[in-house]
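> With chain F's structure known, arrange chain B on it following the hints.
Residue numbers (this note's numbering), protein chains in the order written: chain F, 208 to 542; chain B, 208 to 542.
Because the hints were derived from the structure by calculation, they are not lab data. It cannot be assumed that every hint is accurate.
The list treats identical chains as interchangeable, and a pair is accepted whether it falls inside one copy or across any two copies.
[To be verified] Okay, derived cross-link-like pairs now, DSS-like style, lysine-lysine, Cα gap no bigger than 25 Å in a straight line:
(1) Lys527 with Lys362
(2) Lys294 with Lys522
(3) Lys362 with Lys528
(4) Lys528 with Lys383
(5) Lys429 with Lys527
(6) Lys376 with Lys328
(7) Lys211 with Lys408
(8) Lys383 with Lys527
2 protein chains.
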Amino acid sequence: MTNKLYMLAAIDAAWEYQGLTYPNPAVGCVVSKNNQILSISAHQKAGTSHAEVLALVEALEYISGRVVEFDKLNATLSHKFLRSLPKDFFADCTMYVTLEPCNHDGATPSCASLLIDLGIKNIFIAKLDPIDGHGGGAKRLEESGCTVSIGLQEKEAQELIEPFLIWQKRAFVLFKLAQTINGNINSGIISSLESRIHTHKLRSVCSLMAIGGNTVRMDNPKLDCRLIDEKAPNIFIYTKDESSINKSSLMFNVVNRNIVMGDNLDFLHIPSFVLIEGGIGMLEALKNKIDWVLFYSAPVIRGSGISATRQSSFKFLHCKKTENDLIIWSRFDGK
Amino acid sequence: MTNKLYMLAAIDAAWEYQGLTYPNPAVGCVVSKNNQILSISAHQKAGTSHAEVLALVEALEYISGRVVEFDKLNATLSHKFLRSLPKDFFADCTMYVTLEPCNHDGATPSCASLLIDLGIKNIFIAKLDPIDGHGGGAKRLEESGCTVSIGLQEKEAQELIEPFLIWQKRAFVLFKLAQTINGNINSGIISSLESRIHTHKLRSVCSLMAIGGNTVRMDNPKLDCRLIDEKAPNIFIYTKDESSINKSSLMFNVVNRNIVMGDNLDFLHIPSFVLIEGGIGMLEALKNKIDWVLFYSAPVIRGSGISATRQSSFKFLHCKKTENDLIIWSRFDGK
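Isolated chain F, as found in the complex (with noise of 0.2 Å):
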C-alpha cells in the first residue's frame, strides 16, 4: 500500500506538467528513506532537470533542511553536484519513478548513469520506456546491483505517455474547453486566474495553436501568452473562407507570430503538439483529429451550457481540483 500510494503521488506529480513537458514526457519521482517521504517532484519543462534529478536534489534540500544555491532544473548543474556529495549518500533511498529513467548519454549523463553512480539500491518503475532505442535504463540498473521493480502503477504511468507516444509519430492533439460546471463556454471570463496561467502555459509550449474562423469574428481574442510573459503561439485558422478573417483582428497585432488559414490539415501528419481552443462547433468538426479534451471546470451555473448536433464520447484520465476549478484530462474517444 505504501509503495503504490508513493508511486501514484509521483504520478499525480507527473499530471502537474502534463503537455508542458513537449517533446519531453510527463514524469514524476518520488524518493523516500526508511519509507518516509523526502521528496515529491516532476519533469517540467523540456531542456530543465529530469524528474529523478530533481527529487534527488530536493531530497538533499529536505533533508539538509536547506536550499541549494544553483538552479536545479539546470540538470548539468544538477548532475554536478549530485555527483558531488558523499558516496553513499543516498544509498538507502528508495526511488519511484513513473517511467524508466533514460538511458541516453547527450548534454548530460543518462539518468540512470548518474543513479549507478550514486548508488541507489532500490527502484520502483511504474512503465519501461516504450520508444526504441530508449530504453535499458533498467537493466543497467539492475545489472548495477539496484533492486528494480517494475509495473508498479503501470496502467495510470501508461496513460500519462500517451501524448509523448503520439507526438513521436504525429501531432498530439489537445483540445481545451473552458466552462462552467454546466457546460456553459460564451460568457466572458470563466475559468480562474489559476486556470488561464496552466493555458498560456500550454500556449507556449505547443507547437501551433488551431482556432476556428468563428473565434476570430466573434470573440476577436489575442491568444498569447501574456499572464506568464512568454512567445504567443503561432497560429492556424481552420476556414474554408479566408477572405472571411478580418486580418485587423487582434491575434494579427501580436509580435513574433505566424498566421496561417485554411482548412488542410496535413500538418497535424508532423511530430508535434499542437493545441486546439474552440467551440462546439470546432470540436465535432475536428472529431477525428482529436487525441485528447481538457476540460477546465468553473464552479458556476449560469447561462445555457453547450448544444452537441451529435455525441462525444470521452474518458476521463484525471481530475484535479485546484483552488477554484476542476482540471480534467481526458481521452476522446468520439462516437
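Relative to the frame of chain F, chain B by itself:
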C-alpha cells in the same frame, strides 16, 4: 510530507462514505508502522465500527496476511477482538485520524478508551471534535502517555465534517445533480452504474428525499433503492398544487414509503439529512435552503446543458474520478 500524504489518504477514504455515515460524521483513518501503511479505512455506516477500529482490525489482517473470521463492521466483536490481542501489539504503530477519537463509552467503549488500552503511542488528529461534550478523547490519550499531534490538514478535515455539523442543528440539504460534462441532465440514463449505486446508498440513509412536482409529472421515477435492495426513502414533493400530482405515479407504488406534498419547508428546521433530486428549476427555487451540491459528471457531451435563469456559485470540495464518472462534492455558495 509523509504525514501529510497519510492524512490526505485518510481524508480521501472518508470522502468515499460522505453522507452515508449519517447521522455520524465521515471519518477516515490510516495505521502505519515504521512509516509503512498497514491500513487505510473509513467509517462506513452508523452503528458499525468506527474508522479507528476498522483500521486497526485491517492493520492486523495486513500484518498477519489473514482475514479475520468475524464481521469487522460489528463494533462489539471488533473491540473484543482488538482487546484480545497480545499487549502492545499496536504499540509501534502510528495512527492518522481525520477527527478526534470519540470519548463516549456507550454500547461499546469509546475509541479513545480502546486506543489507550491498546497502548497506541503516536496519533495524528486532523480536527478536534467540535461538538459540545463530544471532545476530550485527545486529552485523555495525551494523559495516557500517547504523543498526540493535532491540526494536520485541518482545513480538509473541517470540510469533511461540515454535513455532520449542520445536521446537529437542522437539516443538511444535499442537492444531487447527475449530468453529462456539458451539463445535460435530461437525456435518459446519464450516470454509470457505479454512480447510480452511490445515489441509491445516499437515498437509503437520508431522512427524506425531496423532489419537485415536475419530476413526478415529467419523469415518473420510482426513486427507490433497488440497486442495493434497501428500503426506499420517504418523499416530500415540493408543489403548490397537490392536485397536479398523479397519485398513481410509480413512486406511489413503492412499499414502505410515505409521501408528503406541499410547499411548507418547515421540516428543514429538524436535524436531519435531506436529499434533493431535481433539475435547475428546483435548484433555483430552493437555493436558500441548499447546503451542498453533489454533481455526477459523465464523460459525454450530448444534447444541451442546463439553462440557468440566474447564476449559482459553488466551492468544489472534493472530486473523485471513478471508473467512468466524476463525483464532485461542492458547497453551494448561492449568489
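> So, for every hint listed, does it hold in this structure?
Hints versus structure:
no. : hint               : verdict
1   : Lys527 with Lys362 : both (18 Å within a copy, 18 Å between copies)
2   : Lys294 with Lys522 : neither (46 Å within a copy, 50 Å between copies)
3   : Lys362 with Lys528 : both (22 Å within a copy, 15 Å between copies)
4   : Lys528 with Lys383 : both (17 Å within a copy, 19 Å between copies)
5   : Lys429 with Lys527 : neither (27 Å within a copy, 35 Å between copies)
6   : Lys376 with Lys328 : neither (35 Å within a copy, 56 Å between copies)
7   : Lys211 with Lys408 : neither (30 Å within a copy, 29 Å between copies)
8   : Lys383 with Lys527 : both (15 Å within a copy, 21 Å between copies)
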